[in-house]
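Peer 1: Now for the letters of each chain:
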Amino acid sequence: VKDRSLPELPTAEDVLPPDTTVLDLLDNVLHKGVVVQGEVVIGLAGIDLVYLGANVILCAADRVVTGEGRPAKGKARR
Amino acid sequence: MTWSAYAILDRVPDALPPELHAVEVEAGVVLVVGPAPQRADPTIEALRAHDSVVRAVAGANDPILPMRFGARAETEAELVSSLRPRVAILRDGLVRVRDARQVTLRVRGGPEEPPDPPPSGRGTGPGRRYLERRARALSPRIPGWEELGRDLRAHAREEKIERGDPRVERWRIYHLVTRSELSAHRAEAERLRERGHGWKIVIGEPAPPWAFVPEEMR
Numbered sequence: 001v002k003d004r005s006l007p008e009l010p011t012a013e014d015v016l017p018p019d020t021t022v023l024d025l026l027d028n029v030l031h032k033g034v035v036v037q038g039e040v041v042i043g044l045a046g047i048d049l050v051y052l053g054a055n056v057i058l059c060a061a062d063r064v065v066t067g068e069g070r071p072a073k074g075k076a077r078r
Numbered sequence: 079m080t081w082s083a084y085a086i087l088d089r090v091p092d093a094l095p096p097e098l099h100a101v102e103v104e105a106g107v108v109l110v111v112g113p114a115p116q117r118a119d120p121t122i123e124a125l126r127a128h129d130s131v132v133r134a135v136a137g138a139n140d141p142i143l144p145m146r147f148g149a150r151a152e153t154e155a156e157l158v159s160s161l162r163p164r165v166a167i168l169r170d171g172l173v174r175v176r177d178a179r180q181v182t183l184r185v186r187g188g189p190e191e192p193p194d195p196p197p198s199g200r201g202t203g204p205g206r207r208y209l210e211r212r213a214r215a216l217s218p219r220i221p222g223w224e225e226l227g228r229d230l231r232a233h234a235r236e237e238k239i240e241r242g243d244p245r246v247e248r249w250r251i252y253h254l255v256t257r258s259e260l261s262a263h264r265a266e267a268e269r270l271r272e273r274g275h276g277w278k279i280v281i282g283e284p285a286p287p288w289a290f291v292p293e294e295m296r
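Those protein sequences? They're chains A and B, same order as listed. Just so you know, the first sequence maps onto residues 1 to 78 in our numbering. Just so you know, the second sequence maps onto residues 79 to 296 in our numbering.
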C-alpha cells in the first residue's frame, strides 16, 4: 500500500520563537487591558460575561480582519 | 487629530515622555493619552509601539492599568467621558495592582482539561448546561496544578488561568506578583520548570498587569 501520510508538521516547539515577546504582545496588547468602547456592564458572572466576551472578540477581530482604522462608534455596544 | 489611550494612573505623574500627557478623569483616576495615527491597524509594529509606551509609563509610575490597543478618539474629552461612569471600578482596579507586576507562564505539555462532567441532579436543562460550560471556560482548572503550583503561588498575590492557543501552548497562567517577591517567584518558577513533571513551562518577564485590569473593563 502506498504511503499517503502527510508530511510531518512542525510542532509548536519548532515554530515558537525563542522568547515569548510576540506572543505576549498579542496576548496582552490586543486581548487584555482596559477597553473604553461600549457600555459593557456586568453584574453577575454568567450571561453578562458572555456579552463582554463577544464584545471583546468583535472589536479585536474587526480590526484584524478589515484593518479599516478605528471602529465605528457604538460597534461594541451590547 | 486622533488620540490614543495608553494607561490609567492614580495621579498626574511628575514626568511623562514628551509626546504624552495626563488628563484627570476624576480624583484618583488619571488617563494617559498621546497622539496616534488615524488608522489603528493592529500590525506587530503598532502593537509593539503601544506596548513600549505602556512599559515606559509603567516604568515610572505605580499603580498602572494598561489600556488595550485601539482605545482612541478624535478628542481627549471623548476618551475621558467614556471612562467617567466607571471611575469607581478603576479606583478599585488601581488598588488591586498597586506595587505588583504580571508574570505569565505558558504551559506547553502538561495535562489536558478533563471532559465536561455529565449533567446530573436538578435543573439540567440546556440553559443551565450552557451556563455551566461558560463558567468552566472562564475559570478552567488544570489537573494537578493546585498541588504542583502551590510553592510558586505562595509568591503570587493572584492567579488567573486561561486555556491557551493549542498551536502554541495548552495553558496560560497569569500571576500578579508583588515587586519585592519577583525574584523569589522567578527562582521558584525556574525550579518548577527544571523539575518538569512532563510540563513544559515558558516563564515570561515581568510586565504591566494587563490580565489584572477589572473584569468589568475588559
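Everything labelled a hint here was simulated from the structure, so no lab data went into it. Errors might be hidden in some of the hints.
Unchecked claim - Partner residues aside, some chain B positions facing chain A, computed with beta carbon under 8 Å:
(1) 120
(2) 289
(3) 291
Unchecked claim - Over the 12 Å line for every Cβ pair with chain A, so calculated as not near, a few chain B residues:
(4) 105
(5) 106
(6) 139
(7) 231
(8) 265
(9) 272
(10) 286
(11) 292
To be verified - Restraint ranges, calculated between C-beta atoms of paired labels, are given here:
(12) A:25 with B:117: 14 to 20 Å
(13) A:25 with B:95: 17 to 23 Å
(14) A:25 with B:273: 36 to 42 Å
(15) A:22 with B:134: 27 to 33 Å
(16) B:257 with A:25: 18 to 24 Å
(17) A:25 with B:163: 28 to 34 Å
(18) A:22 with B:256: 23 to 29 Å
(19) A:22 with B:207: 33 to 39 Å
(20) A:22 with B:99: 18 to 24 Å
(21) A:22 with B:236: 32 to 38 Å
(22) B:210 with A:22: 21 to 27 Å
(23) A:25 with B:278: 35 to 41 Å
Beta carbons: idealized from backbone N, C-alpha and C, even for Gly.
Peer 1: Failing hints, ascending?
Peer 2: The structure breaks hints 10, 11, 14, 15, 20, 21, 22 and 23; every other hint is satisfied.
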